[in-house]
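*Asks:* Construct the entire structure; sequences and hints are all you get.
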Amino acid sequence: MTALYDELRPVSVEQHYRVSHFLNYEYRLLDDERFDDWLGLMHEEVHYWMPGIENRRRENLLEHGFYAADHMAFFDDGLRDLGRRVARFKQPSAWAENPATRNVHQLTNVEVYYGENDGEYVVHSTFQSVRSRGLDEEYVIYGRRQDLIVQDGESFKIKKRLILIPNATLTCKNINTFL
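Using numbering that gives the first Met the number 0, you'd call the opening residue of the sequence shown number 0 and step up by one each time.
Watch out, some of these pointers could steer you wrong.
Stated by the list, open to error - When the alpha-carbon atoms are kept at most 16 Å apart in a straight line, the in silico EDC-like pairs for lysine to aspartate or glutamate are as follows:
(1) K172 to D135
(2) K158 to D117
(3) K172 to E137
(4) K89 to D35
(5) K89 to D31
(6) K158 to E115
(7) K156 to D35
(8) K156 to E43
(9) K159 to E44
(10) K89 to D36
(11) K158 to E119
Just so you know, the hints here were simulated from the structure itself, not pulled from any lab data.
*Replies:* Right under this line is the structure:
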């Protein structure tokens, strides 16, 4: 996912549709609370990363502009960590999920490019996640994603996900969702 924009090669319309369909299916699994099925879409070497965004002056940027690998992250998970989060959702002691959060995820502006290796695809997209809790508690998270998707038989697996929100401060009490 380090290739410059000029070096990215767009995929065919058919392949774009297949990857977009896969990512929309992923969000439907999350909205339907089918977390084990969602976890099955992850590659064994998955890196699910949502770094904290820092307000920085342009002359004092970090490794990646407004975030860095060695700074704070909301998520910096591998498959084992994601599995633990999924298991936590199922526990009766998960008080933050009783009553359950109702989620609506939307994915848009999907761009699909060939990756560096055969069967790899670099995907850029934007998302909106609406989370409703109780009668009047609603949170909206907007952001961008950069995914590395790999071919897995007739389907795909998510090998890397970088989630970037525009806010330097999280605008909700918690982030008990997957983006």
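*Asks:* Evaluate each hint against the coordinates.
*Replies:* Hint by hint, here is what the structure shows:
The hinted pair formed by K172 and D135 meets the criterion: a straight-line CA distance of about 14 Å does not exceed 16 Å. About 14 Å separates the Cα atoms of K158 and D117, which keeps this hinted pair within 16 Å; it holds. Distance restraint check for K172 and E137: the Cα-Cα separation of roughly 10 Å lies within the 16 Å cut-off, and the hinted pair is therefore satisfied. The hinted pair formed by K89 and D35 meets the criterion: a straight-line CA distance of about 10 Å does not exceed 16 Å.
Taken as a hint, the K89 and D31 pair is honoured in the structure, with Cα atoms around 14 Å apart against an allowance of 16 Å. With a C-alpha separation of about 13 Å, the suggested pair K158 and E115 falls inside the 16 Å cut-off, and the hint holds. Distance check on the hinted pair: K156 and D35 sit about 14 Å apart at the alpha-carbon level, within 16 Å; holds. For the hint linking K156 to E43, the alpha-carbon distance of about 9 Å falls within 16 Å, and the restraint holds.
Under the criterion of a C-alpha separation no larger than 16 Å, the hint pairing K159 with E44 is consistent with the structure, at around 8 Å. Restraint check: the Cα-Cα separation between K89 and D36 comes to about 14 Å, which is no more than 16 Å; the hinted pair holds. Taking the CA atoms of K158 and E119, the gap is about 9 Å. The hint holds against a cut of 16 Å.
Of the hints listed earlier, there is not a single one the structure fails to meet.
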